[in-house]
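There are 4 protein chains.
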Amino acid sequence: MTEHPDLPRLQRRLAEFAAARNWGPYHTPKNLASALSVEAAELVEIFQWLTPRESAQVMDDPATAHRVRDEVADVLAYLLQFCEVLGVDPLTALAEKIDRNERRFPRPGEGTDAG
Amino acid sequence: MTEHPDLPRLQRRLAEFAAARNWGPYHTPKNLASALSVEAAELVEIFQWLTPRESAQVMDDPATAHRVRDEVADVLAYLLQFCEVLGVDPLTALAEKIDRNERRFPRPGEGTDAG
Amino acid sequence: MTEHPDLPRLQRRLAEFAAARNWGPYHTPKNLASALSVEAAELVEIFQWLTPRESAQVMDDPATAHRVRDEVADVLAYLLQFCEVLGVDPLTALAEKIDRNERRFPRPGEGTDAG
Amino acid sequence: MTEHPDLPRLQRRLAEFAAARNWGPYHTPKNLASALSVEAAELVEIFQWLTPRESAQVMDDPATAHRVRDEVADVLAYLLQFCEVLGVDPLTALAEKIDRNERRFPRPGEGTDAG
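If you read the sequences in order, they're chains A, B, C and D.
Under the working numbering, the first sequence has 707 at position 111, and the numbering climbs by one with no breaks.
Under the working numbering, the second sequence has 611 at position 15, and the numbering climbs by one with no breaks.
Under the working numbering, the third sequence has 685 at position 89, and the numbering climbs by one with no breaks.
Under the working numbering, the fourth sequence has 659 at position 63, and the numbering climbs by one with no breaks.
Hints listed in this document are in silico derivations from the structure and should not be mistaken for laboratory results.
Any given hint could turn out to be false.
Identical copies look the same in the list; a pair holds intra-copy or inter-copy alike.
With a straight-line cut-off of 25 Å between C-alpha atoms, the simulated SDA-like cross-links for lysine to any residue are [said to hold, decoys possible]:
| id | residue 1 | residue 2 |
| --- | --- | --- |
| 1 | Lys-693 | Ala-616 |
| 2 | Lys-693 | Arg-703 |
| 3 | Lys-693 | Pro-604 |
| 4 | Lys-693 | His-662 |
| 5 | Lys-693 | Pro-648 |
| 6 | Lys-693 | Pro-704 |
| 7 | Lys-693 | Arg-608 |
| 8 | Lys-693 | Thr-647 |
| 9 | Lys-693 | Thr-660 |
| 10 | Lys-693 | Arg-649 |
| 11 | Lys-693 | Arg-663 |
| 12 | Lys-693 | Gln-653 |
| 13 | Lys-693 | Gly-683 |
Given the sequences, and given the hints that come with them, work out the whole structure.
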């Protein structure tokens, strides 16, 4: 790849990938939300018996690092496919959520009047 | 916002948000993976008793649509914060995964030799 | 087995199994709750692409039926180990919850006065 | 209650409860597995920002203790309802799994010949 991939482009690649394989009937929002949660659990599984300190060092082992990146990719893939079928823009949804949270949780030392 | 938000910018906003509130000690990879899975489950909860057909219509109800976008934002936020603390680039991870999947699952009618 | 196993006996067998292998330090309530959620996700994974009708027929295939029973056992095992370390009696917790639900959701045709 | 509840009795109470409210059409194995995973995530949520040490003390706070017991009840309720609709005996499934695990993971100091 000559340029850094962006999210909308990856979302289109995933949509084309699924369409070419006729996966549409399986890709209901309900199924994609389930698949997302299953992949999130596979990420949790990597950490389930680790101490907090050990959990911060998982990328030191190449095999575990690969597994982490693979599960991150799976979570993001199902999130984008979920957004695709429901017409949700994940970047706008997150930007709006951060805006709301900055109002709800002002920085320490920052008056809510100044928010 | 005058321009469409991009993922790296949102990841930086989340990192600054957490740093300003001293949330670092809580944001172990282990905890962030758990939080991600909890938010994914909150997305699943919206759909758990719906038929496949009903699940495709959730955006027709404004309150449910807001809830869906809110949970999408939460999942993406924890995924980006997880990637931040482990130094994972989620866009590259996904691009590489799609590349691998295009080799593993050729399109119907496409020979594996031509893959 | 000459008699049907009961839950408290299985909880004791699991506790002895873990103690004999010195798994105590790993069996924090936090870790066991995570492990429980990971096993629940493995159960979900069996059903994630199935229609409601197909999901009702999973026991017709011996390999899938075995997988279902195996995941049920894993979920129950982690639930019992979680209860063990926190001193929770799962049967009493459930009996009390059913009592509360019978008051909250009266049967159709049953007056709340008669509840 | 004059006697300690047992699991098969609780499973029957849950089945009668659902039947009286005509919840059968919603209680597909697929939906019940999802609901189980959602309740497991609600248990995880209690612990997600706690240290291992803090997680061992959650029962000291009466409100958190109630929440823990309530989520344990919900997980067990959906597990039993899942087993009900698929005809799985959870106690036998777990007893057989413990038998298998005792063969797979002999106690330290115990020869596999003697297993």
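Status of each hint after checking the structure:
Taking the closest pair of Cα atoms, Lys-693 and Ala-616 come within 25 Å of each other only across two copies (17 Å); inside a single copy the shortest separation is 34 Å, beyond that limit. Proximity of Lys-693 to Arg-703 under the C-alpha cut-off of 25 Å is restricted to the intra-copy arrangement: shortest distance 16 Å within a copy versus 38 Å between copies. In this assembly of identical chains, Lys-693 and Pro-604 lie within 25 Å of each other by CA distance both inside one copy and across copies; the values are 19 Å within and 16 Å between. Taking identical chains as interchangeable, the C-alpha atoms of Lys-693 and His-662 lie at most 25 Å apart only when they sit on different chains, with a minimum of 11 Å there against 30 Å within one chain.
When the C-alpha separation of Lys-693 and Pro-648 is checked against a cutoff of 25 Å, the pair qualifies neither within a copy, at 28 Å, nor between copies, at 28 Å. For a Cα distance limit of 25 Å, the shortest separation of Lys-693 from Pro-704 inside one copy, 19 Å, qualifies, whereas the shortest one across copies, 40 Å, does not. Taking identical chains as interchangeable, the C-alpha atoms of Lys-693 and Arg-608 lie at most 25 Å apart whether they share a chain (24 Å) or sit on different chains (14 Å). In this assembly of identical chains, Lys-693 and Thr-647 lie within 25 Å of each other by CA distance neither inside one copy nor across copies; the values are 31 Å within and 27 Å between.
In this homomeric assembly, Lys-693 and Thr-660 come within 25 Å of each other (Cα to Cα) only across copies, at 16 Å, whereas the closest approach inside a single copy is 32 Å. In this assembly of identical chains, the alpha carbons of Lys-693 and Arg-649 never lie at most 25 Å apart, being 30 Å within a copy and 28 Å across copies at closest. With identical chains, the CA atoms of Lys-693 and Arg-663 are at most 25 Å apart between copies only, with a shortest distance of 11 Å across copies and 29 Å within one. Proximity of Lys-693 and Gln-653 under a CA criterion of 25 Å is satisfied inter-copy only: 23 Å between copies versus 30 Å inside one chain copy.
For the identical chains of this complex, Lys-693 and Gly-683 are neighbours both inside a copy (17 Å) and across copies (23 Å), given an alpha-carbon limit of 25 Å.
In the structure shown, a violation is registered for the earlier hints numbered 5, 8, 10, in ascending order.
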